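Visitor: Chains as they are written, first to last, in the UniProt record's numbering: chain A, 1 to 303; chain B, 1 to 303; chain C, 1 to 303; chain D, 1 to 303.
It is possible that part of the hints are untrue.
[Unchecked claim] No farther apart than 25 Å at their CA atoms in a straight line, the calculated lysine-lysine pairs in the BS3-like style are these: (1) B:Lys134 x A:Lys269; (2) C:Lys46 x D:Lys269; (3) A:Lys213 x A:Lys269; (4) C:Lys46 x C:Lys2; (5) C:Lys269 x C:Lys173; (6) A:Lys301 x B:Lys134; (7) A:Lys300 x B:Lys46; (8) D:Lys46 x C:Lys123.
[Stated by the list, open to error] Here are the simulated distance ranges between beta carbons: (9) C:Glu263 x A:Thr31: 50 to 56 Å; (10) C:Glu117 x D:Gly74: 33 to 39 Å; (11) C:Pro73 x D:Ser106: 39 to 45 Å.
Calculated directly from the structure, the hints in this document are not laboratory data.
A quick note: this is a predicted structure, and the numbers were derived from the prediction, not measured.
Glycine included, each C-beta is placed from N, C-alpha and C at the ideal position.
Okay, here's what each chain looks like letter by letter:
Protein chains: 4
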Amino acid sequence: MKLKEIRQPGAYSYVFSKYADPVVTVQPGETVAIYTKDAFEDRVSKPTDRPSQILEGDPNPQTGPIYIEGAEPGDTLAVHLLNIEATRDYAVSAHKPGLGGLTPTSATPMLAEPMPEKVYVYKIADGMVTYNEKMSYPWRPFIGTIATAPRIEALSALTPFTHGGNMDTPETKPGNIVYLPVNVPGAYFYTGDVHAGQGDGELCGFALEIAAKVTCRFELIKGKSINWPRIESANELMVIGSARPMEDAARIAYMELIEWMAEDFGWDKYDAHQALSQIGRMSVGNMVDTYYSLVAKIDKKYL
Amino acid sequence: MKLKEIRQPGAYSYVFSKYADPVVTVQPGETVAIYTKDAFEDRVSKPTDRPSQILEGDPNPQTGPIYIEGAEPGDTLAVHLLNIEATRDYAVSAHKPGLGGLTPTSATPMLAEPMPEKVYVYKIADGMVTYNEKMSYPWRPFIGTIATAPRIEALSALTPFTHGGNMDTPETKPGNIVYLPVNVPGAYFYTGDVHAGQGDGELCGFALEIAAKVTCRFELIKGKSINWPRIESANELMVIGSARPMEDAARIAYMELIEWMAEDFGWDKYDAHQALSQIGRMSVGNMVDTYYSLVAKIDKKYL
Amino acid sequence: MKLKEIRQPGAYSYVFSKYADPVVTVQPGETVAIYTKDAFEDRVSKPTDRPSQILEGDPNPQTGPIYIEGAEPGDTLAVHLLNIEATRDYAVSAHKPGLGGLTPTSATPMLAEPMPEKVYVYKIADGMVTYNEKMSYPWRPFIGTIATAPRIEALSALTPFTHGGNMDTPETKPGNIVYLPVNVPGAYFYTGDVHAGQGDGELCGFALEIAAKVTCRFELIKGKSINWPRIESANELMVIGSARPMEDAARIAYMELIEWMAEDFGWDKYDAHQALSQIGRMSVGNMVDTYYSLVAKIDKKYL
Amino acid sequence: MKLKEIRQPGAYSYVFSKYADPVVTVQPGETVAIYTKDAFEDRVSKPTDRPSQILEGDPNPQTGPIYIEGAEPGDTLAVHLLNIEATRDYAVSAHKPGLGGLTPTSATPMLAEPMPEKVYVYKIADGMVTYNEKMSYPWRPFIGTIATAPRIEALSALTPFTHGGNMDTPETKPGNIVYLPVNVPGAYFYTGDVHAGQGDGELCGFALEIAAKVTCRFELIKGKSINWPRIESANELMVIGSARPMEDAARIAYMELIEWMAEDFGWDKYDAHQALSQIGRMSVGNMVDTYYSLVAKIDKKYL
């Protein structure tokens with residue numbers, strides 16, 4: 001069977017929004033292959049390129065909106081991530097002035113000089129992503145940005161929030177299911193910013209950025225609403241909370257995981273709170289975006 | 001060979017401090033067994049006990065100070081964690097008003113009623129720590145609180161900071177080496193608050209609290225100073241940053257890991273920053289103490 | 001001369017956005033009177049009303065967008081605030097579950113019961129706003145929400161950010177000039193959420209909310225761009241920074257004030273930094289909105 | 001009547017602590033004159049001095065501990081501030097690497113170069129504190145650091161917390177009463193770090209630092225305990241909350257002010273919360289110390 005291939009027909013989107021026209025309609029149950037640009041708009045490919053001159057801000061172009069037939073506010077969209085392929089043989093990262101967790105930014109401004117700009121081009125080959133002999137890392141692809149449209153807002157593609165978005169969380173990877181709230185008719189799904197791999201926190205603000213082909217299948221859970229994005233893997237339930245300061249992201253992630261345990265698995269909320277105190281897991285997705293993203297997890301065997 | 005056994009001779013300590021007299025002197029290279037009380041002062045053992053009435057505040061009694069012969073300011077104390085045994089057959093956790101990551105506290109006060117108080121007593125047997133049929137978790141012992149004395153301060157045993165302290169980080173476990181800065185002659189080592197297991201963040205403020213016997217060996221690294229606690233496992237280097245808000249703990253942990261990579265492994269700092277962006281790991285130790293503790297990690301194979 | 005009166009022709013706006021059609025066009029130099037609804041949509045007027053049942057979320061309806069003829073991205077819009085009249089004789093405040101600085105919210109969730117709901121209706125008369133004999137406060141009207149449209153985002157009317165918005169800062173009052181960045185052609189000006197008075201921080205999330213008639217005059221400063229909203233009074237220059245955590249709002253406000261002193265008054269940035277260390281003023285606008293707003297100030301006599 | 005003059009007999013203190021011997025005993029009701037060194041240990045006096053080389057860290061030497069006869073844990077110490085004189089004719093401020101609200105610090109580390117070091121020496125004359133023609137500011141003296149000893153901790157003199165400490169709040173000035181909790185017998189009072197003036201936030205980390213003679217009178221309020229420092233002026237009640245992130249300092253300050261209104265003035269807590277929403281005031285004391293200090297205020301006429 002041939003997959004439906006989705007390529008952005010015109011300009012890429014830089015917001016998650018219901019105010020744009022859908023680029024394609026997809027049926028629940030349908031498997032599609034979505035082509036995405038990298039976070040540099042595919043415009044940075046050489047060590048001598050200067051993102052601060054080439055790009056306007058930090059662009060993060062998105063493919064979408066994709067209209068999901070039958071999706072209504074109050075439903076949940078389940079995105080089964082099936083496969084990620086790079087559509088080129090290199091990945092790019094960079095130190096860019098004003099971006100990152102260890103440098104002054106517009107959100108945390110300082111009277112200090114920014115970090116020197118530097119572009120890192122990695123070769124993708126043989127299951128490795130390689131900058132030089134020492135800096136060579138396994139191919140661990142995932143989606144940095146995956147979202148539905150907010151109810152009335154049009155949010156920057158740099159922002160992670162209740163609708164998903166730029167969560168930069170390595171758990172949004174093939175084999176896992178990402179659950180997103182449906183806020184508008186048709187859901188208006190967006191994705192982009194695929195990574196060949198990333199450390200926890202995405203410290204410099206750029207992972208191993210790639211242009212990619214993402215294969216996934218959409219399912220609708222009718223009449224089931226969620227407050228924050230969720231992920232399910234073979235072994236774990238996860239919630240992603242995005243906020244500043246980071247402790248609020250942690251609170252959101254654990255609180256929503258308690259809600260999930262209570263609603264779907266019959267837990268008393270206080271017992272769920274106690275259980276997570278003893279066997280919950282929490283990792284840092286990003287510590288660089290407009291909101292920080294933390295991931296709370298529970299092994300299904302403890303449910 | 002018989003181990004030197006260290007039992008607190010009188011009152012336990014509730015601060016990390018050079019202002020107390022050492023309870024014992026230990027030689028570098030010597031292996032000792034240290035007996036510790038649990039965070040409830042071993043005074044909570046039944047579901048009907050009320051910590052808010054039994055205890056004054058959140059006590060966290062420490063065994064120490066232990067004088068390390070030959071330790072001088074500017075050295076590093078390497079604590080090789082060898083073994084942890086529970087000295088009783090149960091662990092205790094609790095929901096206590098004013099403590100936890102999802103409840104108003106004295107640090108984040110609110111005009112809201114606290115969570116209902118509840119004590120959870122877990123049976124330790126057959127490698128499991130069991131509250132009931134559903135809430136039964138593996139035995140994963142580690143030390144919640146491990147510290148040297150600060151240079152001039154006497155800090156509460158509830159506080160994690162540059163000297164170690166109440167980090168509540170599951171990586172301070174047998175098989176790993178904990179590196180702590182020596183700030184005063186003799187280092188003045190303290191430990192306590194041993195856990196039979198804990199989830200990331202220690203959400204309710206109490207892990208599976210046990211009285212314990214901790215076996216460890218002290219080594220001195222003369223003339224080597226560190227700014228924050230470090231941990232080394234068979235496969236990883238780790239730094240624990242403790243601060244509020246949580247993003248500052250993340251910044252500290254990654255920044256000090258960059259310093260470690262630069263000083264001991266010859267990395268250019270910007271390349272280390274890039275490498276951690278792609279393969280660094282970061283988990284949440286605690287999100288409940290006076291400072292939050294985050295752990296930055298790098299797999300040694302990437303050094 | 002008769003003022004142009006601006007009444008929202010249809011539905012009020014709940015976002016700041018360029019994606020809506022302007023309701024009216026205004027010329028630079030023109031003085032207009034804008035009618036606004038209160039933050040409760042004028043639907044809460046009795047102590048027995050329950051905002052949590054009457055309202056969907058926290059609505060904050062805005063009048064606009066108002067198209068400013070000739071405004072182009074890169075310009076600054078100067079809004080001369082001339083007068084505020086209440087269009088009714090009462091003001092309303094409320095304690096509403098999930099809103100406020102001392103209660104769990106969706107941004108800082110907790111496993112705790114919310115504060116009891118309560119509506120406070122104040123009588124406006126004789127220059128006072130009066131709930132009862134003890135709680136009677138002077139008439140100190142100002143605009144809670146005043147904004148241009150963001151460049152590509154549609155942001156909730158609850159949000160204060162670089163474009164202005166829901167800053168809830170008592171300095172946006174008659175006699176002062178509010179400077180806002182122009183991000184889109186025509187600026188797309190919005191305002192609403194007028195207050196009969198407010199304490200610093202807007203602790204409970206609602207000030208003395210009124211329906212109002214706001215008289216103001218728009219001027220354009222062509223080719224002059226600013227990063228954050230500014231206010232000028234007879235004696236002071238002010239910048240409003242909005243962010244979480246609150247220290248980032250403080251950094252933004254002082255950093256942008258340093259920029260202002262450097263660009264328009266010839267200060268060396270480090271000397272400006274030193275001067276503000278000695279005579280800068282900083283107050284809390286709001287500690288309840290999606291971002292906190294802090295106001296940095298310098299007395300003009302020190303320029 | 002001749003005042004009792006208190007000069008530190010030996011080394012100044014760099015912690016607030018009960019572990020030191022009192023330097024003098026004072027009776028309740030007694031008026032004393034306390035001599036203090038400046039935050040640079042009086043060792044920086046010329047523009048060419050380099051604090052980073054002259055000083056070890058950020059010292060903040062304190063005069064004390066002063067034993068208050070009859071003070072017992074659970075009492076409150078009322079310090080009536082009567083007068084401040086500079087004991088020299090100049091004040092000093094500085095930009096020092098690693099200190100300040102707009103520069104990377106050990107608490108908020110970054111891979112960025114620090115701000116250039118610079119010393120500002122101000123002449124004190126004719127009621128003005130003058131660096132040059134433009135940077136000349138009124139004499140507005142207050143105490144930067146004022147504290148009792150914590151119960152069991154010895155906290156750095158750089159730290160503001162429940163016991164007072166390095167709050168850097170311009171309201172601790174002559175004419176006002178500072179209330180501090182008594183945590184240990186004799187209270188162990190400390191003071192130092194007097195300023196000839198300061199902007200809100202103490203942006204660069206140094207105010208107009210002076211050596212000084214502080215005249216004050218101590219009173220005891222027996223059997224009255226407070227949780228956080230309070231200030232009373234002729235017209236206002238104030239509470240200082242110190243925490244990170246800054247919103248927690250704001251929560252503490254307003255929450256404790258609500259407690260004060262309830263306990264001493266008979267307010268219902270929810271009504272107090274409502275009143276502060278409409279007429280509370282909040283300013284930023286410091287945004288640079290180990291904890292940030294915010295001041296919540298209410299005009300007495302609204303009580």
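Visitor: Keeping to a limit of 25 Å between CA atoms, is the pair of Lys134 of chain B and Lys269 of chain A held or broken?
Guide: holds (14 Å)
Visitor: Take a look at whether the Cβ-Cβ distance between Pro73 of chain C and Ser106 of chain D falls inside 39 to 45 Å.
Guide: Once the Cβ atoms are compared, 41 Å apart, the range 39 to 45 Å for Ser106 of chain D and Pro73 of chain C holds.
Visitor: For Lys300 of chain A and Lys46 of chain B, compute the direct alpha-carbon distance and say whether it is at most 25 Å.
Guide: violated (29 Å)
Visitor: Holds or violated: Lys46 of chain D and Lys123 of chain C, Cα atoms, limit 25 Å.
Guide: violated (60 Å)
Visitor: Cβ-Cβ distance between Glu117 of chain C and Gly74 of chain D: within 33 to 39 Å?
Guide: holds (37 Å)
Visitor: Starting from Lys213 of chain A, check that the Cα of Lys269 of chain A is at most 25 Å away, please.
Guide: violated (40 Å)
Visitor: For Lys269 of chain C and Lys173 of chain C, compute the direct alpha-carbon distance and say whether it is at most 25 Å.
Guide: violated (29 Å)
Visitor: Can you let me know if the beta-carbon spacing of Glu263 of chain C and Thr31 of chain A is within 50 to 56 Å?
Guide: holds (55 Å)
Visitor: Taking 25 Å as the top limit, are the C-alpha atoms of Lys46 of chain C and Lys269 of chain D close enough?
Guide: Status holds; Cα separation ~21 Å.
Visitor: Does the structure keep Lys46 of chain C and Lys2 of chain C at a Cα separation of 25 Å or less?
Guide: violated (35 Å)
Visitor: Keeping to a limit of 25 Å between CA atoms, is the pair of Lys301 of chain A and Lys134 of chain B held or broken?
Guide: The given pair, whose Cα atoms are some 9 Å apart, holds under the 25 Å limit.
Checked against the numbered hints given earlier, this structure breaks hints 3, 4, 5, 7, 8; the rest are met.
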